[in-house]
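Engineer: Respectively, the protein sequence lines represent chains A and B.
Under numbering that gives the first Met the number 0, the first residue of the first sequence is numbered 0, with each subsequent residue one higher.
Under numbering that gives the first Met the number 0, the first residue of the second sequence is numbered 0, with each subsequent residue one higher.
Derived from the structure by calculation, the hints contain no laboratory data.
Given the structure is predicted, the values throughout are model-derived calculations rather than measurements.
Please note that a few of the clues may not be correct.
List time: in silico EDC-like cross-link candidates among lysine to aspartate or glutamate, alpha-carbon distance up to 20 Å [claimed, not checked]:
1. B:Lys107 / A:Asp135
2. A:Lys185 / A:Glu121
3. B:Lys38 / A:Glu94
Short, incomplete list of chain B residues facing chain A, as computed with Cβ under 7 Å [unchecked claim]:
4. Gln28
5. His110
6. Thr115
7. Thr273
Glycine is no exception: its CB is placed at the ideal position from the N, C-alpha and C atoms.
Residue strings, one per chain:
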Amino acid sequence: MSLNNAALVSATGLVKRFGSFTAVDGIDVQVRQGEAFGFLGPNGAGKSSTMRMIACVSPRTGGDLRVLGMDPNKDGPSIRARIGVVPQDDLLDAELTVRQNLQVYGRYFGLSRAQVRAKAIELMEFAQLTDRADDDVEPLSGGMKRRLTIARSLVNDPELLLLDEPTTGLDPQARHLLWDRLFRLKQDGVTLIITTHYMEEAEQLCDRLVVMDGGRIVACGTPTELITTYSTREVLELRFPLGEQDDAVAKVVGLADRIEVLPDRLLLYTADGEDTLAAAYEAGVRPLSSLVRRSTLEDVFLRLTGRSLVD
Amino acid sequence: MAAEVVVPVRPSTGHTVGTLRASLLVLEQAWAWYRRNWKATVFSSVGLPVLYLLAMGLGFGSQVRAGAVPGGLTYLAYLAPALLPAGAVQTAAGECTYPILSGFEWSKIFHGITATPVTPGQVVLGQLWWLLSRLLVSGAAYLVVATAVGAVTGPGILLSLVFGVLTGMAFGALLIAFAASVRSTSGNAFTAIFRFVVVPMSLFAGTFFPISQLPAWVRPVAWLTPMWHGTELARGAEFGPLPWGITLVHIAYLVALLVTGMLLARWRFRVRLTR
Chain A
0 MSLNNAALVS
10 ATGLVKRFGS
20 FTAVDGIDVQ
30 VRQGEAFGFL
40 GPNGAGKSST
50 MRMIACVSPR
60 TGGDLRVLGM
70 DPNKDGPSIR
80 ARIGVVPQDD
90 LLDAELTVRQ
100 NLQVYGRYFG
110 LSRAQVRAKA
120 IELMEFAQLT
130 DRADDDVEPL
140 SGGMKRRLTI
150 ARSLVNDPEL
160 LLLDEPTTGL
170 DPQARHLLWD
180 RLFRLKQDGV
190 TLIITTHYME
200 EAEQLCDRLV
210 VMDGGRIVAC
220 GTPTELITTY
230 STREVLELRF
240 PLGEQDDAVA
250 KVVGLADRIE
260 VLPDRLLLYT
270 ADGEDTLAAA
280 YEAGVRPLSS
290 LVRRSTLEDV
300 FLRLTGRSLV
310 D
Chain B
0 MAAEVVVPVR
10 PSTGHTVGTL
20 RASLLVLEQA
30 WAWYRRNWKA
40 TVFSSVGLPV
50 LYLLAMGLGF
60 GSQVRAGAVP
70 GGLTYLAYLA
80 PALLPAGAVQ
90 TAAGECTYPI
100 LSGFEWSKIF
110 HGITATPVTP
120 GQVVLGQLWW
130 LLSRLLVSGA
140 AYLVVATAVG
150 AVTGPGILLS
160 LVFGVLTGMA
170 FGALLIAFAA
180 SVRSTSGNAF
190 TAIFRFVVVP
200 MSLFAGTFFP
210 ISQLPAWVRP
220 VAWLTPMWHG
230 TELARGAEFG
240 PLPWGITLVH
250 IAYLVALLVT
260 GMLLARWRFR
270 VRLTR
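Construct the complete structure from the given sequences, taking the supplied hints into account.
Structural biologist: Right, dumping it as C-alpha cells:
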C-alpha cells in the first residue's frame, strides 16, 4: 500500500477565500491513518476554515483536497457519512433530551431505530451522561454539552474524527475528562484531527501537528521535534518590579541563546535555566521572581510568529 | 525498506440515504420535538382561524345580511371554507419565519444536520414535510370546530381543506426562502412581512368579502396573492361551481409558487450552510 493510500486527508495548495479575505493561503497537509494530528494557532489563523473544508461543509476556493480518498466537492455526503465532526459551537438540539439528540443524529447516518437506541446507551456511558439521559440538553453544563457533542460525533463509528477547539471555554477538570475520552478513541485506532490554541492540549493529544499563522503553515512536526528545532531545552522566566525590566534586558543579553521581551516578563532561552539564573545574579540582575521551566509549544509559537497563542 | 504497515480501520457504520428518506428524517427530528411540546402549539395553530370563525362568522355574521355573492348562504357558512386557506397562511407565517432563522442563527440545528450526510436541499424538503403536517393537523382541527358550530354545509369542505393546505405550502415555501435570506437577527424583516403581506392579504384577498368589492385598480394585487387563489378554490369546492379551466389555473398558480419557493429555498440554504 502506498503512503498516499494511507493518508486519510491529503491537501495540496489548499486555499479558502471569503471575498477578498484569504483565510487559508495554500497549505499542504497529509494526515495518516491512526494518528492524532493537530492544527495549532491563534484565533483567525485559518484552522476552523481548514476544518470546515475537510468536514465537507465549506467548498475550497483553490488547490486540491482528498478526504478518505474522495473529493469533498463531489462526494460530500459519502465522506460525511464516514466521519465525525465536533464543531466549535455544539450545535445540539437544546429542546430535545440527551438521548433524543443521539438517536435523532444517528438516524441521519442511515442507522435503524434499533441501532441508534443501542448506540445512544453505549455513547451516554462513554460520555458519562447516563444519569442525564432523559433530561433536556439546555440546562446541562458546558462540559456536559461538549461531552454530548463528542458522543454524538461518534454515533456512526467514524473512521476520522474532526475536533474544532474541543475544550475551549471549559474548566480544567472538564478539560481533563475530555482529554481522557479522546485518548481512549485514539487507542481504538480512530484518526483524530484537532484544532486548538492551547499548547498543552496539542502536546497531550497530538502525535504530529502543524503551526498555522495568517492562513499559512509555519512549521510541522511532532511536539518534541518542534520544540527541539525552534526552542531550547529550558526557559528562564524573570519578572521585575515596575519600570526595572528595561535596565535588566541590557544585563542579560549574552546570557541566553535568545531573549523574548514580553510586557510583564523576560524569557531567556537556554540549555540550563538554573545556570543562567546564577549568571544573571552575578551580572547584578535582581528580579522580583524567577521560574525555570521546560520549553513548550507556546515558546515555539512565540519564536515562529513573534506573538503569544492565547492573549 | 519495509512497507509501511497500515492497520485496517474498522469501517464506519454510517452511509448516505436517499433524498426522500433524508427529508423524512428531518421531519423525524421535528416530530421528536413535537411529541414533547405539542401542547404549547395547540392554541397557536388551531386557535386563530377558530377565533375568526366565532367572532366574524357567528358574532359579526349575525349582523350581516348577505349580499349578492354568498347566494342565500349565511355569512358563517360563507366564511367557513375561506378560513382554511387563511388559517393555513397564518400557520405558514408562524412556522416559516422565526423557526427557520433560528435553525441558522440561534438553535443552529441546520448546521448540525448538514454536518451529517444530509444536504441543505434535503433539509428544505424536511421543513416542507413539517409544514405540511402542521397544516393538515390545524386544518383538520379547525374543521371539527367549524362542523360543531354548524358552519359546514357539505362534504366538499374536505376538498377545501386540501386547497387550503396547498395555499399554505405555496406561501410557506416562499417564506422559507425569504427567512433563509434574512441576515439580521432582529426580526424586523418578519415584522414587515406580517404587517405588509400577511395582514393585508388576510383582510383584502377575498376571505371576508369578494374582491369584486375592491376598487378595480387594486384587484390585480389580490390576483397575485396565493390567498385569493386558495380562497376561490376553497369556496368553489364547498359551494360550487368548480369549472375545470379556472380551477386548473388556480391550482397551477399555487403549484408554481410552491415550486419556485422550493427552488429558491434550496439555493438560499445551500449558500448559507456551505460557506
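Engineer: Are the hints correct? Go through all of them and say.
Structural biologist: We went through each hint and held it up to the structure:
1. With a CA separation close to 17 Å, the supplied pair lysine 107 of chain B and aspartate 135 of chain A stays within the 20 Å bound.
2. Among the hinted pairs, lysine 185 of chain A with glutamate 121 of chain A is consistent with the structure: their alpha-carbon atoms are about 18 Å apart, no more than 20 Å.
3. Pair hint lysine 38 of chain B plus glutamate 94 of chain A holds up; C-alpha atoms about 14 Å apart against a cutoff of 20 Å.
4. At its closest, the beta carbon of glutamine 28 of chain B sits 5 Å from a beta carbon of chain A; the interface hint therefore holds under the 7 Å criterion.
5. This hint holds: histidine 110 of chain B has a C-beta 5 Å from the nearest C-beta of chain A, less than the 7 Å allowed.
6. About 4 Å separates the beta-carbon of threonine 115 of chain B from the nearest beta-carbon of chain A, less than 7 Å, and the hint is met.
7. Hint status for threonine 273 of chain B relative to chain A: holds, with the closest Cβ pair at about 6 Å, below 7 Å.
Hint violations for this structure: none, all hints satisfied.
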